[in-house]
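Student: Listed here are the chains, written in short residue letters.
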Amino acid sequence: MVSCTEFIMAYNELFSYLDEHHGEKSVVKLWCAISDNFLQNLRELVSQKGIEGMKEYWTHTLTEEGAKYSMTAAEDSFTIEMYECPSVGILRRNRHIRRYPKYCQHCDLLYRRIIEDYGFSYEIKFLDQEMGRCRLTVRKKGD
Amino acid sequence: MPKKIKLHKDFHGAFSYGLQFLCENYGEEEMVAYLVRLARTVYRPLVDTVKLRGLPALEEHLIYVFTVEGGKFEIGYEEDVLVLRVEKCPAIHHMKERNYPIAQKYCDHCRILNQEICKAAGYSSSVKYDQDEGSCVQRFWEER
Chain A
1 MVSCTEFIMA
11 YNELFSYLDE
21 HHGEKSVVKL
31 WCAISDNFLQ
41 NLRELVSQKG
51 IEGMKEYWTH
61 TLTEEGAKYS
71 MTAAEDSFTI
81 EMYECPSVGI
91 LRRNRHIRRY
101 PKYCQHCDLL
111 YRRIIEDYGF
121 SYEIKFLDQE
131 MGRCRLTVRK
141 KGD
Chain B
144 MPKKIKLHKD
154 FHGAFSYGLQ
164 FLCENYGEEE
174 MVAYLVRLAR
184 TVYRPLVDTV
194 KLRGLPALEE
204 HLIYVFTVEG
214 GKFEIGYEED
224 VLVLRVEKCP
234 AIHHMKERNY
244 PIAQKYCDHC
254 RILNQEICKA
264 AGYSSSVKYD
274 QDEGSCVQRF
284 WEER
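One line per chain: the protein sequences are A and B, in this order.
Under our numbering, the residues of the first sequence are numbered 1 to 143, in order.
Under our numbering, the residues of the second sequence are numbered 144 to 287, in order.
I should point out that these hints are in silico values taken from the structure, not numbers from a laboratory.
Do not rely on the hints blindly, as some may be mistaken.
[Said to hold, decoys possible] With a straight-line Cα cutoff of 20 angstroms, these simulated DMTMM-like cross-link-like pairs (lysine to aspartate or glutamate) come out:
id	chain 1	residue 1	chain 2	residue 2
1	B	K152	A	D128
2	A	K25	B	D223
3	B	K152	A	E65
4	A	K25	B	E173
5	B	K239	A	E75
6	B	K152	A	E75
7	A	K29	B	E173
[What the hints assert, rightly or not] To list a few chain A residues with every Cβ distance to chain B over 10 angstroms, as calculated:
id	residue
8	M9
9	Y17
10	H22
11	S26
12	E64
13	E65
14	R92
15	S121
[Stated by the list, open to error] Ranges of calculated distance between the beta carbons of each label pair, as one might list FRET restraints:
id	chain 1	residue 1	chain 2	residue 2	range
16	A	Y118	B	Y220	53 to 61 angstroms
17	A	E123	B	K215	40 to 48 angstroms
18	A	D117	B	K231	34 to 42 angstroms
19	A	E56	B	K262	38 to 46 angstroms
20	A	R139	B	N242	42 to 50 angstroms
Think of the CB as a built atom: it goes at the ideal place given N, C-alpha and C, for glycine as much as any other residue.
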């Protein structure tokens, strides 16, 4: 059984495998499929609770993953400041694994596809992909 | 014995989805090819340890994984064969609890991964599973 403790490495290898055998488009296709078909819990939370839903989703997942981050939520905006992405940390520590060069990009596509559907803008800034630092900013679009 | 640690168990659903994606879009043979790759990359340290220390290294790995994941299992030796009896697979049960669809060939990933890890280290394995129940018996022995 691929354990949760091994998943990030397996995920990374899946991106690399697809890219090498079927091109970058196949990796993007996977990411779209995960966003559309697997992240139903996030979609429900955002559609029903908006920014509170995002806060609920990411508090749960980032806590379980052991991320170092801060989160701010206001009525019309939501920010995650990621100081140490746990996924990037795993890939850095496991030197026998070659990180997929566009690994961080999956967070842009996966969540953007959902959040932008509900009247929000979504921006992710990769501050240091090597060290796993980024900033995710969501804003309610004006009427 | 390793302590149970907090895990993001939804990763099991994501992994299962990845396997299903490979099968549906590129065929089962590509799922197999991916798993063979995993054995050679992600599990290379485990292969190296098993080459050095034999079945006890595999036993330690399995005890660690199934303990931290909260599985219900027994592990021991029947003569020279290491036998892992999983009564409650933590991955299958988590996915069922969360109503995640489970890849048709999900349990095959254990069979294929084990096979490739063992082959690389000079061992063999078998897995008999009941995916619906979330139970299986995994056996490991030295190739002579």
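Student: Each of the hints needs a verdict: does it hold here or not?
Tutor: Verification of the hints:
1. B:K152 x A:D128: 27 angstroms, violated
2. A:K25 x B:D223: Measuring from Cα to Cα gives roughly 48 angstroms; hence the hint is violated.
3. B:K152 x A:E65: At roughly 9 angstroms apart (the allowed maximum being 20 angstroms), E65 of chain A and K152 of chain B satisfy the hint.
4. A:K25 x B:E173: 17 angstroms, holds
5. B:K239 x A:E75: Roughly 35 angstroms separates the two Cα atoms, so the pair is violated.
6. B:K152 x A:E75: Judged against 20 angstroms, a Cα distance of about 31 angstroms means the pair is violated.
7. A:K29 x B:E173: OK: K29 of chain A and E173 of chain B at ~16 angstroms, within 20 angstroms.
8. M9: With a cut-off of 10 angstroms, M9 of chain A comes too close to chain B, as the shortest Cβ separation is near 4 angstroms.
9. Y17: Since the minimum Cβ distance to chain B is about 5 angstroms, Y17 of chain A lies within 10 angstroms and the statement is violated.
10. H22: 7 angstroms, violated
11. S26: 8 angstroms, violated
12. E64: 4 angstroms, violated
13. E65: 5 angstroms, violated
14. R92: 15 angstroms, holds
15. S121: 26 angstroms, holds
16. A:Y118 x B:Y220: 53 to 61 angstroms: Since Y118 of chain A and Y220 of chain B have Cβ atoms about 56 angstroms apart, the given range 53 to 61 angstroms holds.
17. A:E123 x B:K215: 40 to 48 angstroms: This hint holds: roughly 45 angstroms between Cβ atoms.
18. A:D117 x B:K231: 34 to 42 angstroms: Taking Cβ atoms as reference, D117 of chain A and K231 of chain B lie about 37 angstroms apart, which means the hint holds.
19. A:E56 x B:K262: 38 to 46 angstroms: 45 angstroms, holds
20. A:R139 x B:N242: 42 to 50 angstroms: Violated, since R139 of chain A and N242 of chain B (Cβ atoms, about 32 angstroms apart) do not stay within the stated range.
The structure does not agree with the numbered hints 1, 2, 5, 6, 8, 9, 10, 11, 12, 13 and 20 stated previously, though it agrees with the rest.
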